[in-house]
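Trainee: So the chains spell out like this:
2 protein chains.
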Amino acid sequence: MSEIAQWLKQQQKLLDRELSKRLPRANARPATIHQAMRYSVFAGGKRIRPILCLAAAEACGGDPKLALAPACALEVLHTYSLVHDDLPCMDDDDLRRGRPTSHKVYGEGIAVLTGDALLTEAFIMLAKTPETKRYGVKHYLEELGQASSSLKLIGGQVMDLEGEGKDLSKAQLIRIHEAKTAALLESALRLGAMTANATPKKLEALTEFGSHLGLAFQVIDDILDVTQTTDQLGKTAGKDEAVAKSTYPAIMGLEASKREAHRLTDKAHAALSVFGEQAHRLEQIGHYMLDRDY
Amino acid sequence: MSEIAQWLKQQQKLLDRELSKRLPRANARPATIHQAMRYSVFAGGKRIRPILCLAAAEACGGDPKLALAPACALEVLHTYSLVHDDLPCMDDDDLRRGRPTSHKVYGEGIAVLTGDALLTEAFIMLAKTPETKRYGVKHYLEELGQASSSLKLIGGQVMDLEGEGKDLSKAQLIRIHEAKTAALLESALRLGAMTANATPKKLEALTEFGSHLGLAFQVIDDILDVTQTTDQLGKTAGKDEAVAKSTYPAIMGLEASKREAHRLTDKAHAALSVFGEQAHRLEQIGHYMLDRDY
Numbered sequence: 019m020s021e022i023a024q025w026l027k028q029q030q031k032l033l034d035r036e037l038s039k040r041l042p043r044a045n046a047r048p049a050t051i052h053q054a055m056r057y058s059v060f061a062g063g064k065r066i067r068p069i070l071c072l073a074a075a076e077a078c079g080g081d082p083k084l085a086l087a088p089a090c091a092l093e094v095l096h097t098y099s100l101v102h103d104d105l106p107c108m109d110d111d112d113l114r115r116g117r118p119t120s121h122k123v124y125g126e127g128i129a130v131l132t133g134d135a136l137l138t139e140a141f142i143m144l145a146k147t148p149e150t151k152r153y154g155v156k157h158y159l160e161e162l163g164q165a166s167s168s169l170k171l172i173g174g175q176v177m178d179l180e181g182e183g184k185d186l187s188k189a190q191l192i193r194i195h196e197a198k199t200a201a202l203l204e205s206a207l208r209l210g211a212m213t214a215n216a217t218p219k220k221l222e223a224l225t226e227f228g229s230h231l232g233l234a235f236q237v238i239d240d241i242l243d244v245t246q247t248t249d250q251l252g253k254t255a256g257k258d259e260a261v262a263k264s265t266y267p268a269i270m271g272l273e274a275s276k277r278e279a280h281r282l283t284d285k286a287h288a289a290l291s292v293f294g295e296q297a298h299r300l301e302q303i304g305h306y307m308l309d310r311d312y
Numbered sequence: 019m020s021e022i023a024q025w026l027k028q029q030q031k032l033l034d035r036e037l038s039k040r041l042p043r044a045n046a047r048p049a050t051i052h053q054a055m056r057y058s059v060f061a062g063g064k065r066i067r068p069i070l071c072l073a074a075a076e077a078c079g080g081d082p083k084l085a086l087a088p089a090c091a092l093e094v095l096h097t098y099s100l101v102h103d104d105l106p107c108m109d110d111d112d113l114r115r116g117r118p119t120s121h122k123v124y125g126e127g128i129a130v131l132t133g134d135a136l137l138t139e140a141f142i143m144l145a146k147t148p149e150t151k152r153y154g155v156k157h158y159l160e161e162l163g164q165a166s167s168s169l170k171l172i173g174g175q176v177m178d179l180e181g182e183g184k185d186l187s188k189a190q191l192i193r194i195h196e197a198k199t200a201a202l203l204e205s206a207l208r209l210g211a212m213t214a215n216a217t218p219k220k221l222e223a224l225t226e227f228g229s230h231l232g233l234a235f236q237v238i239d240d241i242l243d244v245t246q247t248t249d250q251l252g253k254t255a256g257k258d259e260a261v262a263k264s265t266y267p268a269i270m271g272l273e274a275s276k277r278e279a280h281r282l283t284d285k286a287h288a289a290l291s292v293f294g295e296q297a298h299r300l301e302q303i304g305h306y307m308l309d310r311d312y
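Note that the protein sequences, when read in sequence, are chains A and B. Sequential numbering from 19 applies to the first sequence in our numbering. Sequential numbering from 19 applies to the second sequence in our numbering.
Misleading hints may appear alongside valid ones.
Unchecked claim - The calculated BS3-like cross-link candidates involving lysine-lysine, where the alpha carbons are at most 27 Å apart (straight line), are:
(1) A/K151 <-> B/K27
(2) A/K219 <-> B/K146
(3) B/K156 <-> A/K39
(4) A/K285 <-> A/K219
(5) A/K263 <-> B/K263
(6) B/K263 <-> A/K151
(7) A/K122 <-> B/K184
(8) A/K156 <-> B/K39
(9) B/K146 <-> A/K156
(10) B/K184 <-> B/K27
(11) B/K122 <-> A/K122
(12) B/K64 <-> B/K151
(13) B/K219 <-> B/K122
(14) A/K122 <-> B/K263
(15) A/K27 <-> A/K146
(16) B/K151 <-> A/K146
(17) A/K184 <-> B/K122
(18) B/K184 <-> A/K156
As the list claims (entries may be wrong) - Computed list of chain A residues with no C-beta within reach of chain B, every gap over 10 Å:
(19) T50
(20) G62
(21) R277
To be verified - Ranges between beta-carbon positions, derived for each pair:
(22) B/I269 <-> A/A46: 24 to 30 Å
(23) A/G294 <-> B/K151: 53 to 59 Å
(24) A/L113 <-> B/A49: 31 to 37 Å
To be clear, the hints were calculated from the coordinates, so they are not data collected in a lab. Where is the CB? At the ideal position from N, CA and C, for every residue including glycine.
Isolated chain A, as found in the complex (with noise of 0.2 Å):
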């Protein structure tokens, strides 16, 4: 294993413990809904966001375990909005990283509880993030709320379900990726750098980095939706074309949309130029996200 992998590795585990240790006990009641938030968050994911707060505050000079909290938190967000976007109402998917999603195991209404209820459970775990010179607690917050509210997060999943059907433009692509998938990937490496005490500066180099490395990241998943198989992607492929989505590989085609998906991973690299050596952990982590196999 590489040496990254294994670091990755580690860190994923360490984050799997927090994460149970920052949750509510499994079996507090009532039971269901304990069971159901711990049965979306501990489903196998990468954990990308988490390692990307962590990552961001060690590139800024500060301690990392000070990232817990945010990085706990923007996990089980991002857990939050994978059970909501996979109810029959939204995408209606049945698999998730290989396993039925909630709403078949625990049925809708204990799913949408279960997204509500991760949610609100990652406001929860921000408040215990440590605050520094530059940064309160009203500022995580702030921070937080913004990437996942209706203008970002949200309204990436409106404009998602919106379009379905229709044929978009790039620019409306992009808008749509730039909501639903950088804004939280920029937050989660500013909220990292927050925890470091972070200038403003280095916190928009950060938010480049996002952004690039956010829409790099959905440009490869629009490819691979098309290249891969259901058991390489754990999760249904095809999808896209049968329910006639716009992406990148149906709007400019797949060697174009290769070609693409390569400057936006120079560009996201080269926003780490501020940085220097301290950026080597967000540099491999990049090169990680984006070196799949497309």
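Based on the hints, put chain B in the right spot on chain A.
Mentor: Same frame as chain A, now just chain B:
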């Protein structure tokens, strides 16, 4: 119009203005969700939670204006819970406050996202609460987060869902109402008091008031579901019996339920004795909420 009815109307107007200022604009993109958010927030609610918040600030010697941020957050959070509770996979209600529910107007997918967006917005609004010597945004966040978590508000809805068609004991029913209704009323009072830098002892007294008030309110709600018409209620009457829901009248009979409502009402008012004259408004609101025609 009585003095208290006039004062409540004034507060409702003030809160409507504040809510409108603090919510994302109706024409923010994507437009659908921002219209749907306002559709449900401005559906003619009585604004009981935010009014309790403002009155609690006053009872603790504070300026109610400083409690406007948590007051708005409480109402927006309450609205999210109604939008999700009305969904077909939950209580399946077509009418709320005399108007079609969110999913009837916007479809189920948008209704789920509208609830999500309102919940998120509630926490964003909360971040604007002025800090006091004793309390910061960290405390406000933990207060509202816990009251609306899987252990309280959401847990209450889970128990409610799971209890349908079953014979619940009085103790189980109380546990549901304490979680689903009383916890957020308690939190409304506590948040208002916190903006006035209230002592822990005062927070305790308000918690007791909120707990009895919430239970009394729910007993009366159960009674009205039996004794009033759909037109009088602005929501489907006789619904509880139709879905074989355990209610106070079902468990202990109508007359005993009325006596229970009176007993809880008295206990609520007794809890305010430590505030003396300063709790005048809170007492009036209590009478207003509980002196319904049952």
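Trainee: Confirm or reject the claim that A/G294 and B/K151 have a C-beta distance inside 53 to 59 Å.
Mentor: violated, 43 Å
Trainee: Checking one constraint from the list: CA of A/K122 to CA of B/K184, max 27 Å. Satisfied?
Mentor: holds, 23 Å
Trainee: Over 10 Å to the closest beta carbon of chain B is the bar; see if A/R277 clears it.
Mentor: holds, 29 Å
Trainee: Taking 27 Å as the top limit, are the C-alpha atoms of A/K151 and B/K27 close enough?
Mentor: violated, 43 Å
Trainee: Does B/K122 lie within 27 Å of B/K219 when you go C-alpha to C-alpha?
Mentor: With Cα atoms ~45 Å apart, B/K219 and B/K122 exceed 27 Å; violated.
Trainee: Is it true that the CA of B/K64 sits at most 27 Å from the CA of B/K151?
Mentor: violated, 32 Å
Trainee: Is the hinted pair B/K156 and A/K39 satisfied, with a Cα-Cα distance of at most 27 Å?
Mentor: Distance of about 20 Å is within 27 Å: holds.
Trainee: Lying within 31 to 37 Å: is that true of the beta-carbon distance A/L113 to B/A49?
Mentor: holds, 33 Å
Trainee: Please verify whether B/K263 and A/K151 have alpha carbons no more than 27 Å apart.
Mentor: Since the Cα atoms of B/K263 and A/K151 sit roughly 53 Å apart, the hinted pair is violated (cutoff 27 Å).
Trainee: For A/T50, which was marked as not at the interface, is the minimum beta-carbon distance to chain B over 10 Å?
Mentor: Non-interface label fails for A/T50: nearest chain B Cβ at 6 Å, not farther than 10 Å.
Trainee: Within 27 Å, alpha carbon to alpha carbon, are A/K184 and B/K122?
Mentor: Measuring from Cα to Cα gives roughly 23 Å; hence the hint holds.
Trainee: Given the hint that B/K122 pairs with A/K122, does the C-alpha gap stay at or below 27 Å?
Mentor: holds, 24 Å
Checked against the numbered hints above, the structure violates hints 1, 5, 6, 10, 12, 13, 18, 19, 23; every other hint is satisfied.
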